[in-house]
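Residue numbers (the working numbering), protein chains in the order written: chain B, 9 to 281; chain F, 9 to 281; chain G, 9 to 281.
Please note that the accuracy of each hint is not assured.
Remember, identical chains collapse to one label, so a pair may be satisfied in a single copy or spanning two.
The calculated EDC-like cross-link candidates involving lysine to aspartate or glutamate, where the alpha carbons are at most 20 Å apart (straight line), are [stated by the list, open to error]:
(1) K110 <-> D54
(2) K249 <-> E271
(3) K142 <-> D54
(4) K165 <-> D154
(5) K19 <-> D145
(6) K249 <-> E270
(7) K19 <-> E227
(8) K110 <-> D58
(9) K142 <-> D58
(10) K19 <-> E199
(11) K202 <-> E15
(12) K19 <-> D147
(13) K165 <-> D117
(14) K19 <-> E270
(15) K75 <-> D54
(16) K169 <-> E223
No lab work stands behind these hints, which were simulated from the structure alone.
Keep in mind it's a predicted model, so treat the numbers as computed, not measured.
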Amino acid sequence: MLGNCLENVRKTVPLVHNITNYVTVNDVANVLLACGGSPIMSDEIDDVSDITSICGGLNINIGTLNKNTIAAMFAAGKKANELGHKVVLDPVGAGASALRTKTALDLADTIKFDAIRGNISEIKTLSAGSGSTKGVDADSADAVDDNNLDSAVAFVKQLAKERNTIIAVTGATDLVADAKTCYIIKNGRPEMSKITGTGCQLSGMLAAFLVANPENPLEAAAAAVCTMGLAGEIGFANMEKADGNSTYRNRIIDAIYNMTSEELNKGANYEIR
Amino acid sequence: MLGNCLENVRKTVPLVHNITNYVTVNDVANVLLACGGSPIMSDEIDDVSDITSICGGLNINIGTLNKNTIAAMFAAGKKANELGHKVVLDPVGAGASALRTKTALDLADTIKFDAIRGNISEIKTLSAGSGSTKGVDADSADAVDDNNLDSAVAFVKQLAKERNTIIAVTGATDLVADAKTCYIIKNGRPEMSKITGTGCQLSGMLAAFLVANPENPLEAAAAAVCTMGLAGEIGFANMEKADGNSTYRNRIIDAIYNMTSEELNKGANYEIR
Amino acid sequence: MLGNCLENVRKTVPLVHNITNYVTVNDVANVLLACGGSPIMSDEIDDVSDITSICGGLNINIGTLNKNTIAAMFAAGKKANELGHKVVLDPVGAGASALRTKTALDLADTIKFDAIRGNISEIKTLSAGSGSTKGVDADSADAVDDNNLDSAVAFVKQLAKERNTIIAVTGATDLVADAKTCYIIKNGRPEMSKITGTGCQLSGMLAAFLVANPENPLEAAAAAVCTMGLAGEIGFANMEKADGNSTYRNRIIDAIYNMTSEELNKGANYEIR
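Bound-form chain B, shown alone (with noise of 0.2 Å):
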């Protein structure tokens, strides 16, 4: 059960170390604390290595890249990967810019990642090796819905079997696959678009989860994926008028930090194919 995952993380308080992008590393460090585990921020390439060793996991988020940072997140998944430690990207904005898109696939190739995480333009550019992500939104395009899910399921399916990771694609359908099985996840709101960062908290918190159940890496992702859409519905629920996006991001993190177990798999939506 999915509240099993959750609890592991609670339990475990898994230390996740974030390459992450500054526009919303403090929301990535508060879900993860939220949700039970431990965050720890650093992008200098002679910090990195020592950081990411005493982690359990690792995020890179190339919200807000550059050189030096790029060059940090190499020799950090390098070094996860050495250790056996979980590693997550979140390829922000790829397909967007020449640099994103060439980032994320280096990354790719060159570091094992036991999930990426991202919207579903970002993930068609990782196959395809270009997209049109709109900024760091999805191309509405390529939205996934019921009339092409079939088709979207097989794709992520075929992606994670050909990376050989889970890819996680979320949007107003979320799908959390590997090569055999996919999730499809109900969960969320419309409203969580008109915050930044929705994306990132998840990265972050799918590292802890994957650290602390090791033995269910797709259960513990889309734990972590319902998790984070659940929130979003709880905190909508928790709305009073006057409230806007802004109280809604606390009001979503605040939703994590008192999740029980038994409320995400009352309230997890999704199913298995």
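With chain B's structure known, arrange chains F and G on it following the hints.
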């Protein structure tokens, strides 16, 4: 009417590229989402030309400038100018250090800005080539008030003419001017100065409003300034016992998220000279 | 009385230059505003000397150090020392990586600090030259409690003497000492460890309190520590159903914003040895 300008942001969802400081960047992103725009952040010189090309506007803020990001500001500004995009400058701390003053002046001399927004000390520094900015706050000796309003209006019109741009000076009284016309705006609350980054947030919004309203840039700029000030008033009215500056920050962004064009038309407090 | 120290911050509005990490920087800025100070952030070596010159205090935090910002820390510290400004060191993660340990030690050997604030593992690392910091959290084996309080007090006094500075160790029990006197402070809530950055926030405040109270630095440092801990208690008392760590963060900063000197005098929970 100013409300139309806000409505146009919501209808067209302008994508704004921000090269901005890491202190307030998360709030800038959430405010852009709140007003109806879409943010993307990128400050690596090898990334900014691609990123700014897919956007409609560029917001350059020197709040935590460094050698690498300064180079990226010039590259992005040049590309945005080539493409006819709207470009905003926020000269944070011009007058407080030689590097900030020089960078702000060089940017203003090299890039065509559609608007420059700062506090009165920063804007005076741009005019005089040196200044007395107190950190990132205006020197109180510079403050615009009813006693010096005529000369302040003349000053901003003159600078707008010389720089061929819109000048937005924000403080207790806000002035938004081109060479001929000045909006004198009295929205806002003094408590807004106890939150970091309302100025940075406004500069991001300003870019979005300019992109969405190409036919009437001065009105668009005034609408952005009134939106922020009015949100400060609404957010303050929503404060509860025990709330302080951190919650006030959220309530202001929330107020922008919930603001209707009617509300803006009704609440905007300005005269035109 | 400690309340006077807070009042002096509010009366004199000390401008504090922060070279700090990008994870918690926004909260540091808002906490400085909440307590009555004024923040400015700058980490470019060509900018820091000018910026620190117009400030009264400097807060150096190595939480996301890199080669460029390390150089800026030394330059700013040297200038601040020349000018007789108050300087605070927050050695985030000293003991967790060789670079962090070396940087913290080099800074402490090169710059005259008025106070050094960290968790017990970071402070032990400064004393021993190596340590066992668990990421950015203290190693539980190091924790200060009633069983080892006498030796912990002796340790911080000794280190304060050797380093000729105030040492502030924060955790469940806080110790704030110079060579002769130690404040043992029991304000705070365990839930504060579930928010990122309360330590970073405190270091920023500490700088402001030292600037505003040049006559009694130890009392000022103790006042800053009590202010943060008491705000943690007040913020927790204000928590409502469904609130979690994200809202708790806001409530703590709000509590500092609203704290009166009487409230601090009444709520401060300490003994002096």
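Verification of the hints:
For the identical chains of this complex, K110 and D54 are inter-copy neighbours only, at 12 Å across copies versus 23 Å inside a copy, given an alpha-carbon limit of 20 Å. Within a single copy, K249 and E271 get their C-alpha atoms only as close as 25 Å, which misses the 20 Å cut-off; across copies the closest is 16 Å, which meets it. For the homomeric pair K142 and D54, the shortest alpha-carbon distance between copies (18 Å) is at most 20 Å, but the shortest distance inside one copy (34 Å) is not. In this assembly of identical chains, K165 and D154 lie within 20 Å of each other by CA distance solely inside one copy; the values are 17 Å within and 56 Å between copies.
For the homomeric pair K19 and D145, the shortest alpha-carbon distance between copies (17 Å) is at most 20 Å, but the shortest distance inside one copy (34 Å) is not. For the homomeric pair K249 and E270, the shortest alpha-carbon distance between copies (18 Å) is at most 20 Å, but the shortest distance inside one copy (29 Å) is not. Proximity of K19 to E227 under the C-alpha cut-off of 20 Å is restricted to the intra-copy arrangement: shortest distance 17 Å within a copy versus 40 Å between copies. For a Cα distance limit of 20 Å, the shortest separation of K110 from D58 across copies, 13 Å, qualifies, whereas the shortest one inside one copy, 27 Å, does not.
In this homomeric assembly, K142 and D58 come within 20 Å of each other (Cα to Cα) only across copies, at 12 Å, whereas the closest approach inside a single copy is 36 Å. With identical chains, the CA atoms of K19 and E199 are at most 20 Å apart between copies only, with a shortest distance of 16 Å across copies and 31 Å within one. Proximity of K202 and E15 under a CA criterion of 20 Å is satisfied inter-copy only: 16 Å between copies versus 29 Å inside one chain copy. In this homomeric assembly, K19 and D147 come within 20 Å of each other (Cα to Cα) only across copies, at 17 Å, whereas the closest approach inside a single copy is 39 Å.
For the homomeric pair K165 and D117, the shortest alpha-carbon distance inside one copy (18 Å) is at most 20 Å, but the shortest distance between copies (53 Å) is not. In the homo-oligomer, the alpha carbons of K19 and E270 lie at most 20 Å apart inside one protomer (15 Å), although the nearest pairing across protomers, at 41 Å, exceeds that limit. For the homomeric pair K75 and D54, the shortest alpha-carbon distances inside one copy (14 Å) and between copies (9 Å) are both at most 20 Å. Proximity of K169 to E223 under the C-alpha cut-off of 20 Å is restricted to the intra-copy arrangement: shortest distance 19 Å within a copy versus 51 Å between copies.
Checked against the numbered hints listed earlier, the structure breaks none of them; every hint is satisfied.
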